[in-house]
Amino acid sequence: MMPLRRFTIDQPKSVKEAAEMLAHHGENGRLYAGGTELLLAMKHDLLRYEHLVDVKTVPDLNTISVGNNNLHIGATVTHRAVERSAEAREHCPVLVDMEHNVANVRVRATGTLGGNLCFAEPHSDPAALLLALGAHVHVAGKNGERKLNIDELIQGAYETAIAPDELMTGVDIPLAAKSRRAAYMKFQIKERPTLGLALVLDVDGGNIKSARAVVGSISPKPARSDQVDKILAGSRADVEKRLADAAQELAKVADPVDDLEGSAEYKRHLVGVFLKRAFIKALS
Amino acid sequence: MTDVKQIVNLKFTLNGKAVEVDCEAEETLAEVLRDRLNLTGTKISCEVQVCGACTVLVDGLPVSSCTLLAYEARGKNVTSIEGLAKPDGTLHPIQQAFIDEFAFQCGFCTPGMILAAKALLDENPKPSRDEIVHFMDGNICRCTGYVPIVRAIQKVAGTLESKHHK
Ligand SMILES: Cc1cc2nc3c(=O)[nH]c(=O)nc-3n(C[C@H](O)[C@H](O)[C@H](O)COP(=O)(O)OP(=O)(O)OC[C@H]3O[C@@H](n4cnc5c(N)ncnc54)[C@H](O)[C@@H]3O)c2cc1C
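Chains as they are written, first to last, in numbering that gives the first Met the number 0: chain A, 0 to 283; chain B, 0 to 165.
Treat the hints as calculated values from the structure; they're not laboratory data. Some hints here could point you the wrong way.
Stated by the list, open to error - Straight line, CA to CA, 30 Å or less: simulated BS3-like cross-link-like pairs of lysine-lysine:
{"id": "1", "chain 1": "A", "residue 1": "Lys-42", "chain 2": "B", "residue 2": "Lys-125"}
{"id": "2", "chain 1": "B", "residue 1": "Lys-4", "chain 2": "A", "residue 2": "Lys-15"}
{"id": "3", "chain 1": "A", "residue 1": "Lys-12", "chain 2": "B", "residue 2": "Lys-125"}
{"id": "4", "chain 1": "B", "residue 1": "Lys-4", "chain 2": "B", "residue 2": "Lys-85"}
{"id": "5", "chain 1": "B", "residue 1": "Lys-4", "chain 2": "A", "residue 2": "Lys-189"}
As the list claims (entries may be wrong) - Covered by chain A, according to a simulated footprint, are these stretches of chain B (three or more residues, beta-carbon under 8 Å):
{"id": "6", "segment": "20-31"}
{"id": "7", "segment": "36-42"}
{"id": "8", "segment": "45-56"}
Virtual Cβ for every residue (Gly too), placed ideally from N, Cα, C.
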């Protein structure tokens, strides 16, 4: 492999300065966090940048905090820091479970949650789970701040709604209510997940008041639909009988294709298997 | 394309000693360790953060030095395989256990394996077998299979069942 081409590294001291640096460099510059995606793509010469803007020198983006309604995770918090966070474990255990199984220990120690979401690689565990949890991201640029949900953020494979001179500052995840049951399960035999299934239920005794199911990694962006979620609401016994219908509908929305991860038919089958497993896990 | 060279004056602690070295912004930690500091115990193999051969510890955490920029080591504590044995040559217990349990053949993955194992045992001195397998899952060995490697780690942790114990 080629060594990396020459570049410089800028060290912004504020969000505003980072946005200005990105605007100044234009297409010759790029925001840089852990580099676990960016530097790989640059090593392969798939991307070329002369200037990297190190978002990690912006203070306060690497913190996890608990607000009234949300668990806030700063953009430069690493997977490992989420995995080890007592606040995350208390307020969103499913997130910790998911992070524990992202990539390998070295990528978890270096790669950030912000970098994962902003690269919009289709095989993302966090994107699928955060969509199911109804999370929002904060994006800042020279024109101020905006709030996007995950569906708005991720537009397609490697495509986001973030402008080249904007940066993501953090993610807000609604705190777990007592009635929330959630599970994330994935099927993975390679470096990245073949399929991830996130299921978030709001339960009241034997009744599922509402549900949100997301399948990730089998389509350019994580897939869900109101129709699927409607099938998954009702009495637990009834929903159990309808799981196969819900899975079929979810697979239809995701519309998987044949690729090296498996045939479309196989992936549709996996949706059924993993929806069932996630359902059992969420309610156990 | 302009070609702006940025020299980074790196100061960090390497295997317990302060070091200072100039490198270019785009140099990886593995390049600086191997080519500028002549520490070739760090091996480069897959180059894509998958195999773990280039594992070193930065502030105690395992990283893929083949892709981590040397710039990230500034002000940090870096441990490479050369830092494990005592100055008198006494091996670190994990190194000794790898020998005792025949946990390598060609040895190319071994520095990375040992450093990953060190990171694990430093944070979790008595890991279960499952915890060992989960943590070591990103370090690939193509010779021995993983059984002797897991046993070596269990041996250091003092959790190896006596029937295997010599
Ligand atoms: C071997 C391997 C295995 C992996 N396995 C998994 C897996 O199992 N599941 C999974 O979900 N992921 C997996 N990943 C992906 C991993 O999660 C990401 O590589 C990591 O989170 C990216 O974060 P980073 O900080 O390194 O991003 P970088 O590489 O620094 O940046 C990635 C992109 O995001 C942009 N960016 C970064 N931060 C921001 C920000 N704050 N605002 C705007 N843009 C930003 C950068 O400009 C760049 O385009 C794997 C990666 C590798 C290399």
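Going through the hints against the structure:
no., hint, result
1, A:Lys-42 <-> B:Lys-125, "violated (38 Å)"
2, B:Lys-4 <-> A:Lys-15, "holds (26 Å)"
3, A:Lys-12 <-> B:Lys-125, "violated (41 Å)"
4, B:Lys-4 <-> B:Lys-85, "violated (39 Å)"
5, B:Lys-4 <-> A:Lys-189, "violated (37 Å)"
6, 20-31, "holds (count 6)"
7, 36-42, "violated (count 0)"
8, 45-56, "holds (count 6)"
Hints 1, 3, 4, 5 and 7, counting from the list given before, are not met by this structure.
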